[in-house]
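Undergrad: Here is what each chain is made of, one letter per residue.
Number of protein chains: 4
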Amino acid sequence: MSGNTFGTLFCVTSFGESHGAAIGCVVDGCPPGMALSTADIQRELDRRKPGTSRHVTQRRETDTVEILSGIFEGKTTGTPIALLIRNEDQRSKDYGNIAESFRPGHADYTYWQKYGIRDHRGGGRASARETAVRVAAGAIAKKWLNERYGVVIRGYLSQLGEIVVPFKNWDAVTSNPFFVADDSYVEQLEAYMDALRKSGDSIGAKLTVVAEHMPVGWGEPVYDRLDADIGYAMMSINAVKGVEIGAGFASVTQRGSEHGDEITPQGFLSNHAGGILGGISTGQDIVAHVAIKPTSSIRLPRRSINKAGEPTLVETHGRHDPCVGIRATPIAEAMLALVLIDHALRHRAQNADVVCTTPKVPGKID
Amino acid sequence: MSGNTFGTLFCVTSFGESHGAAIGCVVDGCPPGMALSTADIQRELDRRKPGTSRHVTQRRETDTVEILSGIFEGKTTGTPIALLIRNEDQRSKDYGNIAESFRPGHADYTYWQKYGIRDHRGGGRASARETAVRVAAGAIAKKWLNERYGVVIRGYLSQLGEIVVPFKNWDAVTSNPFFVADDSYVEQLEAYMDALRKSGDSIGAKLTVVAEHMPVGWGEPVYDRLDADIGYAMMSINAVKGVEIGAGFASVTQRGSEHGDEITPQGFLSNHAGGILGGISTGQDIVAHVAIKPTSSIRLPRRSINKAGEPTLVETHGRHDPCVGIRATPIAEAMLALVLIDHALRHRAQNADVVCTTPKVPGKID
Amino acid sequence: MSGNTFGTLFCVTSFGESHGAAIGCVVDGCPPGMALSTADIQRELDRRKPGTSRHVTQRRETDTVEILSGIFEGKTTGTPIALLIRNEDQRSKDYGNIAESFRPGHADYTYWQKYGIRDHRGGGRASARETAVRVAAGAIAKKWLNERYGVVIRGYLSQLGEIVVPFKNWDAVTSNPFFVADDSYVEQLEAYMDALRKSGDSIGAKLTVVAEHMPVGWGEPVYDRLDADIGYAMMSINAVKGVEIGAGFASVTQRGSEHGDEITPQGFLSNHAGGILGGISTGQDIVAHVAIKPTSSIRLPRRSINKAGEPTLVETHGRHDPCVGIRATPIAEAMLALVLIDHALRHRAQNADVVCTTPKVPGKID
Amino acid sequence: MSGNTFGTLFCVTSFGESHGAAIGCVVDGCPPGMALSTADIQRELDRRKPGTSRHVTQRRETDTVEILSGIFEGKTTGTPIALLIRNEDQRSKDYGNIAESFRPGHADYTYWQKYGIRDHRGGGRASARETAVRVAAGAIAKKWLNERYGVVIRGYLSQLGEIVVPFKNWDAVTSNPFFVADDSYVEQLEAYMDALRKSGDSIGAKLTVVAEHMPVGWGEPVYDRLDADIGYAMMSINAVKGVEIGAGFASVTQRGSEHGDEITPQGFLSNHAGGILGGISTGQDIVAHVAIKPTSSIRLPRRSINKAGEPTLVETHGRHDPCVGIRATPIAEAMLALVLIDHALRHRAQNADVVCTTPKVPGKID
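Which chain is which? The protein sequence lines are H, Z, V and E, in order. Residue numbers for the first sequence follow the working numbering, beginning at 7 and rising by one. Residue numbers for the second sequence follow the working numbering, beginning at 7 and rising by one. Residue numbers for the third sequence follow the working numbering, beginning at 7 and rising by one. Residue numbers for the fourth sequence follow the working numbering, beginning at 7 and rising by one.
Treat the hints as calculated values from the structure; they're not laboratory data. Be a bit skeptical, because a hint or two may be false.
Which copy is meant is left open, so a pair is good if it fits within one copy or across any two.
Stated by the list, open to error - With a straight-line Cα cutoff of 25 Å, these simulated SDA-like cross-link-like pairs (lysine to any residue) come out:
| id | residue 1 | residue 2 |
| --- | --- | --- |
| 1 | 370 | 321 |
| 2 | 174 | 277 |
| 3 | 204 | 182 |
| 4 | 313 | 368 |
| 5 | 81 | 354 |
| 6 | 204 | 325 |
| 7 | 370 | 307 |
| 8 | 313 | 41 |
| 9 | 81 | 92 |
| 10 | 81 | 363 |
| 11 | 81 | 315 |
| 12 | 313 | 360 |
| 13 | 81 | 48 |
| 14 | 366 | 354 |
| 15 | 174 | 219 |
| 16 | 370 | 154 |
| 17 | 366 | 263 |
| 18 | 366 | 118 |
| 19 | 174 | 58 |
| 20 | 370 | 273 |
Quick caveat, the model's predicted, so the values are computed rather than measured.
Turn these sequences into a full structure, and let the hints guide you.
TA: Written out as C-alpha cells, the structure is:
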C-alpha cells in the first residue's frame with residue numbers, strides 16, 4: 007500500500023490538499039444494510055470544523071460533505087462509500103513566503119526532500135485539514151459499532167499545556183469549546199489561550215479516548231494487536247508524539263501485583279490494561295492517551311533555511327490553531343473507531359464459529 | 007492479513023508457540039546480493055536469549071537458528087529467507103494449574119474468549135518467546151540498513167522501576183546484563199532486582215531506541231507515517247503500554263517556540279521531533295521511548311476466575327522474567343529496523359527518480 | 007482489502023454506481039514530478055465512452071474527468087490523485103422491471119444474495135460503467151511507463167463472434183469503431199452488428215493487448231507473477247471469461263521443442279511465452295488474449311425468477327452494448343498498464359542495486 | 007507484499023528452493039477448532055509427489071510434512087500453522103552445465119536479470135517443487151471448506167497434448183496415474199507418454215477443476231472477483247499459460263441468448279458462467295480450465311546464450327516431468343481451495359448479518 011489507505015477490511019483511502027479543489031475519501035468494506043445519511047457524517051464534521059471559537063483557526067470552511075456512492079434508498083449497499091468535501095476558503099497568499107523556506111517543526115522540509123516537489127499552499131497534504139476526512143469516515147465506523155455491538159466511543163481533552171483537567175462527566179465535554187470533561191476549568195483555559203494567542207506562540211495538549219461496552223475477543227495476538235493498531239492510528243494523526251494504553255508510562259514504576267487487573271465474577275477490580283491483554287480486548291473500556299505537540303506555524307521568528315540551503319528567519323502569519331490539540335478530540339475518536347471496526351470485521355471472519363462457555367467478565371467495578 | 011505478518015515490502019511472517027516444536031519466520035523482500043550467515047543472526051539472538059544472568063528467566067534455550075532458504079553461496083538471493091529455531095526446554099508441567107484459570111494481566115483470558123481454545127503451555131503464542139523471531143528477522147534488516155545506507159540502530163534501558171538511568175555512552179550498554187548506558191548504576195540495579203525476585207513480584211521498565219545516520223525523506227506522509235509505523239511496531243511487542251517519539255509526552259507542556267527544532271545550514275539546533283516531521287525522516291537521529299509493564303506471571307497470589315467463571319486464586323511458579331524490560335532492548339531495536347527497511351524500500355519504489363538540490367541538513371549540533 | 011482497490015504500490019481505489027451521483031477513483035503511489043493534465047486522461051476516456059457509434063450503447067455520457075488532488079503546478083506531487091466523473095444520463099425508469107427479478111447471466115442475483123440489498127439502477131456497481139475509472143487510472147500508468155521506461159501499451163479486437171480479424175497494423179486500430187487491426191474487415195463487422203442488434207441478441211469477442219519495449223526483470227516469481235497479476239487484472243474486467251498469455255491454450259498441444267523460445271544474441275526466435283518466464287518479464291513483448299462473453303442484458307425473453315423465488319420472464323429494454331467487447335480494448339490496455347506500473351515500482355524497491363552484466367536480449371527477430 | 011504470500015485473510019507464505027535444505031510455508035488465518043493432523047496433509051502431498059509412475063520425474067522425495075505450530079491437542083488454535091518439508095534427493099551435479107547458460111522457455115534468464123544472482127540447482131525457487139507447499143496448505147483449506155460448508159473440490163486432466171479426455175466419472179480420476187476421468191484412455195496415454203519420453207521432448211496439457219456444493223454470495227464484485235482471484239491463482243502455478251471460467255474462450259462465439267444461464271426455481275438450466283456472476287458465486291459448481299505448457303527442460307539441444315551473452319546449445323539431462331500437467335491436478339485443486347477459503351472468510355466479515363429471503367437456486371438440472 008502507498009500510505010493513504012487505513013485499515014484491512016474496513017478501508018479508508020484519503021485524498022486532497024489543504025488548498026486544492028477538495029478533500030475526501032473512499033470507505034470500502036462497510037457492511038450493507040445500515041441506514042446512513044449525510045447528517046450522520048456532518049454532525050461529526052461540525053465538531054471538528056474550524057472557526058467555531060476564537061481559540062481555534064479562523065479559516066472559514068463549512069466542511070459540507072457529499073456522499074457520492076455506496077448508499078441506496080438511505081442504506082449502505084456494501085459497496086464503496088465515497089465522501090467529498092470541497093475546499094472553500096483558500097487564502098493562498100498567506101503562504102507566499104513559506105514557499106521558499108521551511109518552517110521549523112513542520113513537514114515543509116521533509117516533503118521537499120522526499121518528493122522534490124511540494125504543494126506549499128497551507129501545507130498541502132501535510133495539513134491537518136486532511137483529518138476532516140478521518141472524522142467523516144470515522145462517523146460511519148462509530149455508527150456501525152454502536153448499532154451492531156453497542157460500542158460507544160468518546161474522548162476529551164485531558165491536559166492543555168500545564169493545565170491538567172481531570173474527568174468529571176461526559177456531559178461537560180459537549181458544552182465547551184475545549185472538549186474538557188469539567189466545565190469549571192473553562193474560564194481558566196480561556197484566559198490561558200487568550201494570553202497564548204497574544205504571545206504569538208503555541209502549546210501542546212493531551213487527549214484521552216475511551217471505547218465503552220466493548221465485546222471481549224477483538225484483536226490479533228502478535229503484530230496486529232489491538233493496541234498496536236491503536237498506536238499506529240493515533241500516531242498517524244498530525245502532531246501526535248506519544249500514545250499510551252491504560253496505565254501507559256505509569257506502568258514503568260508499577261509492580262506486577264499492582265498493574266495486573268484482578269478478575270472476579272462480578273467484574274475486574276481495576277483497568278491498568280486499558281481494556282487490552284495480549285493484543286485482544288478484555289471487554290473492559292479501552293482507554294488511550296495521546297500527546298499532541300504545539301503547532302509549528304507560529305508568529306514568533308525562528309531560524310531556518312531556504313531551498314538553496316541558506317539561513318533565513320521564518321515567521322508564519324496564516325490562520326493557525328495555537329493549540330491543535332483542542333480540535334483533535336473528534337479525530338482521535340474517529341481513529342479509534344476505524345481500528346475497532348476493522349477488528350470487529352476480522353473477528354467475524356476468523357472466529358464466527360467460536361463457542362466459549364466462560365461468561366464475559368463485566369468491566370471495572372466502580 | 008491475518009496478523010502474523012509484519013511489513014509491506016520487507017515482510018516477516020512469524021510462527022510458533024512457547025512450548026511447541028519450534029518458532030521461526032519467513033522474511034520476504036530482502037534485496038538480493040547481501041552476504042548473510044547464521045552467525046549474523048545468532049549474534050543478535052544471543053543478546054536476547056534467556057538464562058544469561060540471574061535477573062532474567064532461567065529457562066535454558068540456546069536459540070540456535072537455522073536458515074532454511076533464501077541464501078545461495080553465502081548471499082541473499084531475493085527469495086524468502088526462512089528461519090527456524092527449535093524449542094528445547096519445555097517444562098510444561100510448570101503450567102498445569104494455569105490451564106484451568108486465567109492469570110490477571112495476562113492474555114490467558116482473552117485468547118480463551120477469542121479462540122475457544124488455547125495452548126496454555128508457557129503462554130503458547132502469547133509468550134514473549136515469539137520475540138526471538140523478531141530479533142532474528144531484525145538482524146537481517148539491521149545488516150542491510152547498515153551496509154546499504156550506513157544506518158546504525160541501537161537501544162538501551164533508560165529506566166527500571168523508579169531508577170532512571172541516563173545515557174552516558176554506548177560502550178556501557180554492551181558490558182552489563184541490564185542494557186543500561188551507564189555502568190555505574192549496575193550495582194544498584196542488581197540489588198533492586200535481587201530484592202524484587204525475593205518478593206515474588208515484578209516491575210516495569212522504559213527503553214530508548216535510536217537510529218543514527220538516517221537518510222532524509224523516508225516515510226509516508228499520512229497513515230503510514232514513519233512514526234505511526236514505529237508506534238505500531240513498538241506497541242506490538244509483548245507488555246508495551248506506551249510509545250513516544252522524540253519529546254513524546256513532554257510536548258504537552260512545550261511551547262511551539264521551544265518544541266520546533268530550528269534549522270541552520272550547520273545542523274539542527276535540537277531534536278524534539280525525534281527525527282521525524284510530517285511522518286517523514288528529517289535526517290536527524292530517530293529516537294523512540296517505550297514503556298514496558300511488569301510481568302503478569304508472579305508468585306504472589308492474585309484473585310481471578312477459572313474457565314467455569316468461578317472465583318479462584320492464581321500463583322505462577324514457572325520461570326519468568328521479573329522484569330521483561332531487561333531483555334527487551336534487542337527486540338525494540340529489531341522492530342525499529344523492520345520499520346526502517348520497509349520504508350527504505352518504499353522510498354526507492356516511489357522516489358527513486360527524485361532530484362532535490364537542497365542539501366541535507368546535518369543532525370543536531372552538539 | 008475490501009475488493010475495490012487494485013495494486014500493491016500503485017493503488018487504484020474505485021467507487022461509484024452506474025446511476026449514482028458519480029464514479030471515480032483515488033490513484034495512490036504515482037511517483038512525483040510527472041506532468042499530468044485532465045487532457046491526458048480525457049483522451050483515453052474518450053476512446054471508451056458510450057455513444058460513439060451505432061454499435062455501442064446509446065447512453066449519453068461525456069465522461070468528463072475532474073482531477074481533485076495530487077497535482078500541483080501541472081505535475082504529480084506523489085500524493086493521491088483523486089479523479090471524479092459525474093454521471094449525467096441516468097434514465098433509471100428503464101430498469102423498473104428489473105428491480106424485482108434477476109437477468110440471467112447478470113450479477114443481479116448474486117448481488118442480491120450477497121448483500122441483501124442492491125442498487126438495481128443500471129446494474130449499480132456491477133455495471134461496466136465502473137470501467138471508465140480503470141481507463142482513467144490506466145491513463146496515468148500508461149503515461150508514466152512510457153515516459154520513464156519507453157513502454158508502449160496497445161490493444162485490438164482480434165475476434166468478434168465468429169469473425170477472426172488478424173493483426174495487420176496499429177494504425178488501423180485508431181481509425182475504426184471496432185478497434186480491429188485491419189480496416190478491410192469493417193464493412194463485414196458493421197453488417198454483422200446491424201443484424202445482431204435487430205435480432206435483440208448479443209455476442210462475445212476476443213481482445214489482444216500488447217506491451218512493447220519492455221524492460222527485462224519485472225515481476226515476482228511465485229504468487230505475484232507478472233502473468234498471475236495479468237490474469238487477475240483481465241479477469242476482473244466485467245464479462246471476461248478467459249485469459250491467455252502468449253501461446254495460451256495452444257500450449258496444450260505444443261512440444262517443448264516448439265514452445266520454448268530459443269535465444270540468440272541477436273534476439274529471441276519466437277515469443278510463445280508472451281514475454282514472461284517464471285513470472286518475470288523477458289524483455290520481449292508482453293502479449294495477452296482475453297475472452298469476453300456476450301452481454302446478458304438482451305431484448306429476447308428469458309426464463310428467470312423474482313425476489314420471491316417465483317418463475318418469471320425477463321426482457322431488458324435499456325440501452326446496452328450488444329457486444330461489450332467492442333469498447334473493452336481501452337479497458338484491457340488500462341489493466342495491463344496498472345499491472346506493469348505496479349511491478350515497475352516493486353522492481354525498483356527490491357532490485358534497485360542489482361548489477362547484471364549479461365546484456366538484455368532483444369525481442370523476437372522478425 | 008513481496009510476492010510469496012497468497013491470500014488476504016487465509017494467508018499462505020511460501021519458502022524454499024528445489025535443492026535447498028527444505029521447503030515449507032506458514033498458513034495464517036485458519037479458524038480455530040478444526041481437527042488437523044499430518045495425515046490430512048500427507049494424503050494430498052502423496053497425490054502430487056514425484057516418482058509415483060514412470061511418466062513423471064524420477065526424483066525421489068517422500069515429501070514428508072512436519073507441522074511445527076498452530077495445532078494443540080489435535081486442533082487448530084487460530085494461530086499460524088507452519089509446515090516443513092525437508093528436501094532429500096538433491097542431485098545438484100545434474101545441473102552443473104545449466105549454471106552458466108539459460109534454458110529456453112525457463113526462468114533461468116529472467117531470474118538472472120532480475121536478481122543478479124540465482125540458485126541454479128534444480129531451478130531454485132522457480133522449480134515446480136514449490137508447488138508441494140501449495141498442496142499442503144490447500145489440504146487445510148479443502149478440509150475446512152468441506153467440514154464447515156460442505157464444499158467439495160476436485161480436478162482432472164482433461165487433455166494431454168492432442169488427446170482430449172472427456173469427463174466420465176470422479177472415481178476414475180483416483181485410479182490412474184494421469185488423473186483422467188475416464189479409465190478407458192489410460193492405455194493410449196501410456197503409449198503416448200512412452201513415445202514422448204523416448205523422443206526427449208515434452209508436451210502440454212489441460213486441467214479442469216470443480217468446486218461442488220458452493221454457497222451463493224462468495225466473492226467481491228469489482229477487482230477481487232472470485233473469477234479474478236481464480237485467474238490469479240491458476241496463473242501463478244508454474245507453466246500455466248491460460249485460464250478459463252465456465253465457457254471460457256467458447257463465449258467468444260456464443261450469443262447472449264445461449265450463454266446467459268436461465269434460472270428456474272428448480273435450478274439453473276445451464277452453467278456457462280462456471281458458477282460465478284459479477285465476481286460472486288451463484289451456488290452452481292465453480293468450473294475452471296487451465297492450460298499448461300510443455301516442460302522447458304528437455305533433452306533435445308536448443309539454441310541459447312550463456313551469462314556472457316554468447317551463443318550456446320543447451321540440453322537438459324536432469325530428471326524432469328515430460329508433462330508437468332500430469333502432476334498439476336492436485337496443485338490446481340489446492341489453489342482453488344485457497345481462493346475459496348479466503349472469500350468464505352471475507353464473506354463472513356462483511357456479510358455475516360445479511361438476511362436474504364430469496365431461496366438459493368439449486369445448481370444445474372441434469
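Undergrad: Now look at each hint and say whether the structure bears it out.
TA: Going down the list of hints, with the structure as the test:
1. Taking the shortest alpha-carbon separations for residue 370 and residue 321, only the inter-copy value of 22 Å comes in at or below 25 Å, while the best intra-copy value is 49 Å.
2. Taking the shortest alpha-carbon separations for residue 174 and residue 277, only the intra-copy value of 18 Å comes in at or below 25 Å, while the best inter-copy value is 36 Å.
3. In the homo-oligomer, the alpha carbons of residue 204 and residue 182 lie at most 25 Å apart inside one protomer (21 Å), although the nearest pairing across protomers, at 51 Å, exceeds that limit.
4. For a Cα distance limit of 25 Å, the shortest separation of residue 313 from residue 368 across copies, 15 Å, qualifies, whereas the shortest one inside one copy, 58 Å, does not.
5. In this assembly of identical chains, the alpha carbons of residue 81 and residue 354 lie at most 25 Å apart whether taken from the same copy (21 Å) or from different copies (20 Å).
6. In this assembly of identical chains, the alpha carbons of residue 204 and residue 325 lie at most 25 Å apart only when taken from the same copy (13 Å versus 59 Å across copies).
7. Proximity of residue 370 and residue 307 under a CA criterion of 25 Å is satisfied inter-copy only: 20 Å between copies versus 50 Å inside one chain copy.
8. In the homo-oligomer, the alpha carbons of residue 313 and residue 41 lie at most 25 Å apart only across protomers (22 Å), although the nearest pairing inside one protomer, at 51 Å, exceeds that limit.
9. For a Cα distance limit of 25 Å, the shortest separation of residue 81 from residue 92 qualifies both inside one copy, at 24 Å, and across copies, at 21 Å.
10. Proximity of residue 81 to residue 363 under the C-alpha cut-off of 25 Å is restricted to the inter-copy arrangement: shortest distance 18 Å between copies versus 35 Å within a copy.
11. Only between protomers do residue 81 and residue 315 lie at most 25 Å apart by alpha-carbon distance; the minimum there is 24 Å, versus 54 Å within a single protomer.
12. Within a single copy, residue 313 and residue 360 get their C-alpha atoms only as close as 59 Å, which misses the 25 Å cut-off; across copies the closest is 15 Å, which meets it.
13. For a Cα distance limit of 25 Å, the shortest separation of residue 81 from residue 48 inside one copy, 16 Å, qualifies, whereas the shortest one across copies, 33 Å, does not.
14. Proximity of residue 366 to residue 354 under the C-alpha cut-off of 25 Å is found in both arrangements, the shortest distances being 17 Å within a copy and 23 Å between copies.
15. Taking the closest pair of Cα atoms, residue 174 and residue 219 come within 25 Å of each other only inside a single copy of the chain (19 Å); across copies the shortest separation is 47 Å, beyond that limit.
16. In this homomeric assembly, residue 370 and residue 154 come within 25 Å of each other (Cα to Cα) only inside a single copy, at 23 Å, whereas the closest approach across copies is 37 Å.
17. Taking CA atoms no more than 25 Å apart as the test, residue 366 paired with residue 263 passes inside one copy only; the shortest distance there is 23 Å, against 50 Å between copies.
18. In this homomeric assembly, residue 366 and residue 118 come within 25 Å of each other (Cα to Cα) only across copies, at 11 Å, whereas the closest approach inside a single copy is 52 Å.
19. For the identical chains of this complex, residue 174 and residue 58 are intra-copy neighbours only, at 24 Å inside a copy versus 49 Å across copies, given an alpha-carbon limit of 25 Å.
20. Taking CA atoms no more than 25 Å apart as the test, residue 370 paired with residue 273 passes inside one copy only; the shortest distance there is 6 Å, against 50 Å between copies.
Of the hints listed earlier, there is not a single one the structure fails to meet.
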